[in-house]
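Construct the complete structure from the given sequences, taking the supplied hints into account.
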Amino acid sequence: MIYEKHYVWSILLRLYHWSLVSSVVTLAITGFYINTPWTLTTLEGTGLYPMLTMRNIHSLAGYLFTAAILVRIFLLIFGNRHERILDLLPVTSRNIKNMSTTLCSYSYLHDCQDEERLGHNVVAGVIYVLTIIVALFQMASGFYLRLPESVFWQKWGVMLFGTQQHARFEHHLMMWYFIVFALIHIYLVIWNDLKHPDGITSSIFTGNKFRPRSIK
Amino acid sequence: MTDTAQSTDLNLQVDRRGFLKGCTMVAAALGISEAMIPKLVEAATSAQRPPVIWLHFQECTGCTESLLRASHPDIGRLILDIISLDYHETVMAAAGHQAEKSLHDTLDKYAGKFLCVVEGAIPTKDNGIYCKIAGRTAVDILAEVAPKAAAIIAIGACATYGGIQAAQPNPTGAKGVQDLVSGTPVINIPGCPPNPISFLGTVLHYLTFNRLPVTDNLGRPLFAYGRKIHDHCERRAHFDEGRFAEEFGDFGHRNGYCLYKLGCKGPETFSNCPSARFNDVDVWPVSVGHGCIGCTEPNFWDTMTPFYERLPNVQIPGTSGITDIDSAGKTILGVAAAAVGIHAAIGIGKKVIKGCGCKNENKES
Ligand code: HEM
Ligand code: HEM
Ligand code: SF4
Numbered sequence: 001m002i003y004e005k006h007y008v009w010s011i012l013l014r015l016y017h018w019s020l021v022s023s024v025v026t027l028a029i030t031g032f033y034i035n036t037p038w039t040l041t042t043l044e045g046t047g048l049y050p051m052l053t054m055r056n057i058h059s060l061a062g063y064l065f066t067a068a069i070l071v072r073i074f075l076l077i078f079g080n081r082h083e084r085i086l087d088l089l090p091v092t093s094r095n096i097k098n099m100s101t102t103l104c105s106y107s108y109l110h111d112c113q114d115e116e117r118l119g120h121n122v123v124a125g126v127i128y129v130l131t132i133i134v135a136l137f138q139m140a141s142g143f144y145l146r147l148p149e150s151v152f153w154q155k156w157g158v159m160l161f162g163t164q165q166h167a168r169f170e171h172h173l174m175m176w177y178f179i180v181f182a183l184i185h186i187y188l189v190i191w192n193d194l195k196h197p198d199g200i201t202s203s204i205f206t207g208n209k210f211r212p213r214s215i216k
Numbered sequence: 217m218t219d220t221a222q223s224t225d226l227n228l229q230v231d232r233r234g235f236l237k238g239c240t241m242v243a244a245a246l247g248i249s250e251a252m253i254p255k256l257v258e259a260a261t262s263a264q265r266p267p268v269i270w271l272h273f274q275e276c277t278g279c280t281e282s283l284l285r286a287s288h289p290d291i292g293r294l295i296l297d298i299i300s301l302d303y304h305e306t307v308m309a310a311a312g313h314q315a316e317k318s319l320h321d322t323l324d325k326y327a328g329k330f331l332c333v334v335e336g337a338i339p340t341k342d343n344g345i346y347c348k349i350a351g352r353t354a355v356d357i358l359a360e361v362a363p364k365a366a367a368i369i370a371i372g373a374c375a376t377y378g379g380i381q382a383a384q385p386n387p388t389g390a391k392g393v394q395d396l397v398s399g400t401p402v403i404n405i406p407g408c409p410p411n412p413i414s415f416l417g418t419v420l421h422y423l424t425f426n427r428l429p430v431t432d433n434l435g436r437p438l439f440a441y442g443r444k445i446h447d448h449c450e451r452r453a454h455f456d457e458g459r460f461a462e463e464f465g466d467f468g469h470r471n472g473y474c475l476y477k478l479g480c481k482g483p484e485t486f487s488n489c490p491s492a493r494f495n496d497v498d499v500w501p502v503s504v505g506h507g508c509i510g511c512t513e514p515n516f517w518d519t520m521t522p523f524y525e526r527l528p529n530v531q532i533p534g535t536s537g538i539t540d541i542d543s544a545g546k547t548i549l550g551v552a553a554a555a556v557g558i559h560a561a562i563g564i565g566k567k568v569i570k571g572c573g574c575k576n577e578n579k580e581s
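Chains as they are written, first to last, in our numbering: chain H, 1 to 216; chain X, 217 to 581.
In case anyone wonders, no lab produced these hints; they're calculated from the structure. Note that the structure is predicted; figures quoted are calculated from it, not measured. All clues stand as given, with none of them false.
Some chain X residues near chain H, calculated using beta-carbon distances under 10 Å:
#1 Lys-444
#2 Asp-456
#3 Phe-460
#4 Lys-477
#5 Lys-546
#6 Ala-552
#7 Lys-566
Under 8 Å between C-beta atoms, here's a sample of chain X residues computed to sit facing chain H:
#8 Leu-434
#9 Gly-442
#10 Arg-443
#11 Glu-457
#12 Pro-528
#13 Ile-541
#14 Leu-549
#15 Ala-553
#16 Ile-562
Capping the alpha-carbon separation at 27 Å, the derived lysine-lysine pairs in DSS-like fashion look like this:
#17 H:Lys-155 / X:Lys-444
#18 X:Lys-329 / X:Lys-364
#19 X:Lys-329 / X:Lys-348
#20 X:Lys-329 / X:Lys-317
#21 X:Lys-566 / H:Lys-195
#22 H:Lys-97 / X:Lys-566
#23 H:Lys-195 / X:Lys-567
#24 X:Lys-364 / X:Lys-325
#25 X:Lys-255 / X:Lys-329
#26 H:Lys-195 / H:Lys-97
#27 X:Lys-477 / X:Lys-444
#28 X:Lys-364 / X:Lys-348
#29 H:Lys-5 / H:Lys-97
#30 X:Lys-567 / H:Lys-97
#31 X:Lys-341 / X:Lys-364
Note that CB positions come from ideal geometry on N, CA and C, so glycine has one too.
The structure is reproduced here in structure tokens:
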């Protein structure tokens, strides 16, 4: 069978993906450190500042994370046809159908009429949109914690989360969403890669997916 | 300095020197210029200063006690001296019907002009029967007094956000003043107890400028609650340098290291404790080796506990059990990992049995 190369993921989307991955990994590690600093300095005057450094890295990664999410929101509206929000959510009959066939094949049922689709399958799409929403809350709680004296963040922070302690608790809770997401996400990427010859994994590096010439 | 035996009496006289000293301390806390001190003094001694009605509801009187006794004696006396207390159950001489009469006289005579201070939460469940004074419920008394007051100062964790009575499951339906009063300006001076300086600063600000000080979104005056404790803490350098006390009495604790790992809530709490400090000897909890418990924050009994942990516990759904947040997270991650494992195993199993997983693959192979 002859396969054709299709350009699916724009450079901006791929940049977004890998900025998100690197920032989330950094944020989770430094976040755990901030919660329970596992180093113990007893020497004074060393100038190592481990806690200060971790908090600064956390903030820096927080800004990268924020930038990535803003880019993705831009792409939800102005991206290519695979990147737009209407391609991710079960809002068209084509997408609703894809959602059920995907669930069908994920649950190993036999007669699944798999659709060859260039963009994300719709189950993934829904989860990605959910992830962006959680990310927005993560971002807001993070800025509320970072800028406690800012009038803007105080107003929104108190409204969305409550006190600083609430925000911190919810910030920590949402971290676990990202960790569980990453586990399932990476598993399903590998699973799909084994099952379909469209080259899903490399698509997030190169932007290209492959499919047989016969299919439009 | 008066001797101890004397200072435990409620000495209502404050000499001029003590008076000026107190006003200066308040001016410093308010962050206003030295040049304003004469204005503060003038306002504090003016014959036209508004009378104060002090209502005690569901509380322990700890706020009053700490204001008038334990704290800086000059400040305590200053409070009594500058605010003309027409009704205060703890310190007024009158009792019984006489006291109630004095309350109603003030209400009638100074309607719209007096300051109302509320200490204690207001229980609202079962028609408010859990707190009654002179046969009337706290809800009724507040409803009568509040609309006539020029402004209300809620003092302490209870009057502001409900305090310990309002902690889960809040059996008496206790609420803070701001949840029950509308139409009259309410300012919150939370804390368990709050610093007398924060209270006095608010009163003097009102007397001097005829309006309440600027507040944050939780109704607390910014001059006293504008910064996190953590950002003014004397142990902060130890925090940044990663030097922590791991348990009470260990090397770090004895060396004055940061109390973060002992659950100090300074990073989540707004208050001037590190700068205003308490009592004559200028101490505050963290300075004497105990982490902050976050008593100036709403619902701190629920959100700041366990006091010696960083974050509150999570309820396990469907049970009465609780666990810490990371155990919960790890359990969910474990369940997800198990699900992934089972899913992968089924996929492999099907391949082994059938040689193929689905129709799609037939097509491709
Ligand atoms: C997926 C993204 C993120 C994760 C997983 C994450 C994780 C964490 C964790 C675990 C903590 C420690 C809270 C605790 O348990 O006490 C924390 C604290 C914090 N995070 Fe994040 N975070 C993320 C995004 C952000 C963002 C976008 C910002 C915004 C700049 C931010 C700012 C902060 C701040 C300021 C703190 C408090 C640090 C302190 O009080 O010293 N975080 N984060
Ligand atoms: C090394 C690990 C990873 C690999 C190989 C990988 C690979 C991929 C691939 C191939 C896609 C496209 C999937 C599709 O077409 O449906 C994708 C999408 C995505 N990945 Fe990852 N991923 C990794 C880690 C992560 C992590 C850790 C996160 C976040 C916590 C993440 C978040 C996302 C999101 C949000 C999308 C959707 C992109 C969009 O919005 O369109 N990925 N990833
Ligand atoms: S003792 Fe508490 S308030 Fe002080 S630096 Fe440590 S965590 Fe912050």
